[in-house]
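Engineer: Take 55 as the starting number for the sequence shown in the working numbering and just add one per residue.
Everything labelled a hint here was simulated from the structure, so no lab data went into it.
Take these hints with a grain of salt, some might be off.
[What the hints assert, rightly or not] Here are the simulated SDA-like cross-link-like pairs (lysine to any residue), alpha carbons at most 25 Å apart as the crow flies: (1) Lys87 - Val101; (2) Lys245 - Lys88; (3) Lys139 - Glu229; (4) Lys218 - Asn108; (5) Lys139 - Leu247; (6) Lys218 - Asp157; (7) Lys194 - Glu223; (8) Lys218 - Arg243; (9) Lys245 - Asp157; (10) Lys139 - Gln59; (11) Lys194 - Glu229; (12) Lys112 - Pro124; (13) Lys201 - Glu229; (14) Lys218 - Ile160; (15) Lys139 - Asp73; (16) Lys201 - Thr61; (17) Lys245 - Gly110; (18) Lys88 - Thr126; (19) Lys249 - Leu220; (20) Lys245 - Pro168; (21) Lys138 - Pro168; (22) Lys105 - Asp73; (23) Lys66 - Ile160; (24) Lys112 - Lys201; (25) Lys245 - Arg182.
[Unchecked claim] Cβ pair distances, simulated, as ranges: (26) Asn97 - Gly248: 20 to 28 Å; (27) Lys201 - Asp246: 44 to 52 Å; (28) Leu180 - Lys66: 41 to 49 Å; (29) Met55 - Met178: 19 to 27 Å; (30) Thr129 - Tyr185: 47 to 55 Å; (31) Ser187 - Asn97: 28 to 36 Å; (32) Lys201 - Asp143: 30 to 38 Å; (33) Phe156 - Asp78: 18 to 26 Å; (34) Tyr162 - Gln59: 27 to 35 Å; (35) Asn64 - Asp197: 39 to 47 Å.
Glycine included, every Cβ here is placed at the ideal spot set by N, Cα and C.
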Amino acid sequence: MDSVQSTNQNGKFQVVVVDNASRDETAGIINEKKTKNLDFIQNTVNVGFTKAVNQGIKIAGSEYIFILNPDTQLTEGSVERLMKKISSDNTIGLVAPQLRFFDGGIQYSCRRFPTFWNVLTEMMRLSRIFYRSRLFNSWKMGDFDHKMERDVDQLAGAALMVKKDLLDELSGLDEQFPMFFSDVDLCRRIKDLGKRVVFYPDAVITHRGGSTMLGRRPGLIVSSHLSLIRYFL
């Protein structure tokens with residue numbers, strides 16, 4: 055929130071925060087920082103990531119929607135650069151920044167659409183052993199250094215800017231995917247409409263990442279596997 059507010063000091067952006075029935079101090083912190091251009095949706099139950107995003111999209115009145123995970127931090131000028139890029143070409147439906155770890159390392163956030171072969175290489179950990187290989191890590195694009203702009207199949211959902219009219223046409227994110235694979239599905243549907251999905255590294259967002267999340271919460275492993283199955287059906 056601090057990075058959002060520092061980027062939005064003149065109130066040029068509408069900010070929508072959705073709290074999914076958190077049990078920590080999130081609600082109190084948001085209420086303390088609430089301003090006239092900040093809308094706060096406080097759910098009494100955890101409705102799932104995807105539905106919460108759709109709640110925010112519905113009340114947003116902006117031409118562009120920037121979907122951000124809670125473990126991200128904006129950098130100066132990143133939002134403006136993304137807006138300039140997505141507005142520069144009517145063929146672009148979605149644009150995403152380069153993601154960086156807090157130590158400055160580049161996160162590999164570009165994806166090709168997953169195949170059964172990718173599932174196999176993930177299960178056998180070949181994608182981790184041969185991380186830079188297009189053969190064994192083609193899904194997560196280990197063969198791309200993530201330093202130049204390019205069109206891609208899909209981008210990781212931590213930070214995605216999408217045209218609002220396009221999201222309305224698609225009826226938002228598909229809530230059949232409560233959390234995992236909703237970003238994959240969204241990018242596929244955008245491309246099915248003939249629009250481009252663009253990785254734009256001139257804009258940078260810091261992202262903590264959930265690399266330990268699945269290990270701590272076994273229930274999310276089940277959700278991830280179910281979403282994977284649903285995606286291929």
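Engineer: All hints, please: hold or fail.
Structural biologist: Each hint, compared with the structure:
{"no.": "1", "hint": "Lys87 - Val101", "verdict": "holds, 24 Å"}
{"no.": "2", "hint": "Lys245 - Lys88", "verdict": "violated, 36 Å"}
{"no.": "3", "hint": "Lys139 - Glu229", "verdict": "violated, 28 Å"}
{"no.": "4", "hint": "Lys218 - Asn108", "verdict": "holds, 12 Å"}
{"no.": "5", "hint": "Lys139 - Leu247", "verdict": "holds, 19 Å"}
{"no.": "6", "hint": "Lys218 - Asp157", "verdict": "violated, 33 Å"}
{"no.": "7", "hint": "Lys194 - Glu223", "verdict": "violated, 28 Å"}
{"no.": "8", "hint": "Lys218 - Arg243", "verdict": "holds, 14 Å"}
{"no.": "9", "hint": "Lys245 - Asp157", "verdict": "violated, 33 Å"}
{"no.": "10", "hint": "Lys139 - Gln59", "verdict": "holds, 22 Å"}
{"no.": "11", "hint": "Lys194 - Glu229", "verdict": "holds, 23 Å"}
{"no.": "12", "hint": "Lys112 - Pro124", "verdict": "holds, 19 Å"}
{"no.": "13", "hint": "Lys201 - Glu229", "verdict": "violated, 32 Å"}
{"no.": "14", "hint": "Lys218 - Ile160", "verdict": "violated, 28 Å"}
{"no.": "15", "hint": "Lys139 - Asp73", "verdict": "violated, 30 Å"}
{"no.": "16", "hint": "Lys201 - Thr61", "verdict": "holds, 24 Å"}
{"no.": "17", "hint": "Lys245 - Gly110", "verdict": "holds, 23 Å"}
{"no.": "18", "hint": "Lys88 - Thr126", "verdict": "holds, 19 Å"}
{"no.": "19", "hint": "Lys249 - Leu220", "verdict": "holds, 9 Å"}
{"no.": "20", "hint": "Lys245 - Pro168", "verdict": "holds, 15 Å"}
{"no.": "21", "hint": "Lys138 - Pro168", "verdict": "violated, 30 Å"}
{"no.": "22", "hint": "Lys105 - Asp73", "verdict": "holds, 11 Å"}
{"no.": "23", "hint": "Lys66 - Ile160", "verdict": "violated, 29 Å"}
{"no.": "24", "hint": "Lys112 - Lys201", "verdict": "violated, 34 Å"}
{"no.": "25", "hint": "Lys245 - Arg182", "verdict": "violated, 28 Å"}
{"no.": "26", "hint": "Asn97 - Gly248: 20 to 28 Å", "verdict": "violated, 35 Å"}
{"no.": "27", "hint": "Lys201 - Asp246: 44 to 52 Å", "verdict": "violated, 28 Å"}
{"no.": "28", "hint": "Leu180 - Lys66: 41 to 49 Å", "verdict": "holds, 46 Å"}
{"no.": "29", "hint": "Met55 - Met178: 19 to 27 Å", "verdict": "violated, 41 Å"}
{"no.": "30", "hint": "Thr129 - Tyr185: 47 to 55 Å", "verdict": "violated, 26 Å"}
{"no.": "31", "hint": "Ser187 - Asn97: 28 to 36 Å", "verdict": "violated, 42 Å"}
{"no.": "32", "hint": "Lys201 - Asp143: 30 to 38 Å", "verdict": "violated, 21 Å"}
{"no.": "33", "hint": "Phe156 - Asp78: 18 to 26 Å", "verdict": "holds, 20 Å"}
{"no.": "34", "hint": "Tyr162 - Gln59: 27 to 35 Å", "verdict": "holds, 29 Å"}
{"no.": "35", "hint": "Asn64 - Asp197: 39 to 47 Å", "verdict": "holds, 42 Å"}
In the structure shown, a violation is registered for the earlier hints numbered 2, 3, 6, 7, 9, 13, 14, 15, 21, 23, 24, 25, 26, 27, 29, 30, 31 and 32, in ascending order.
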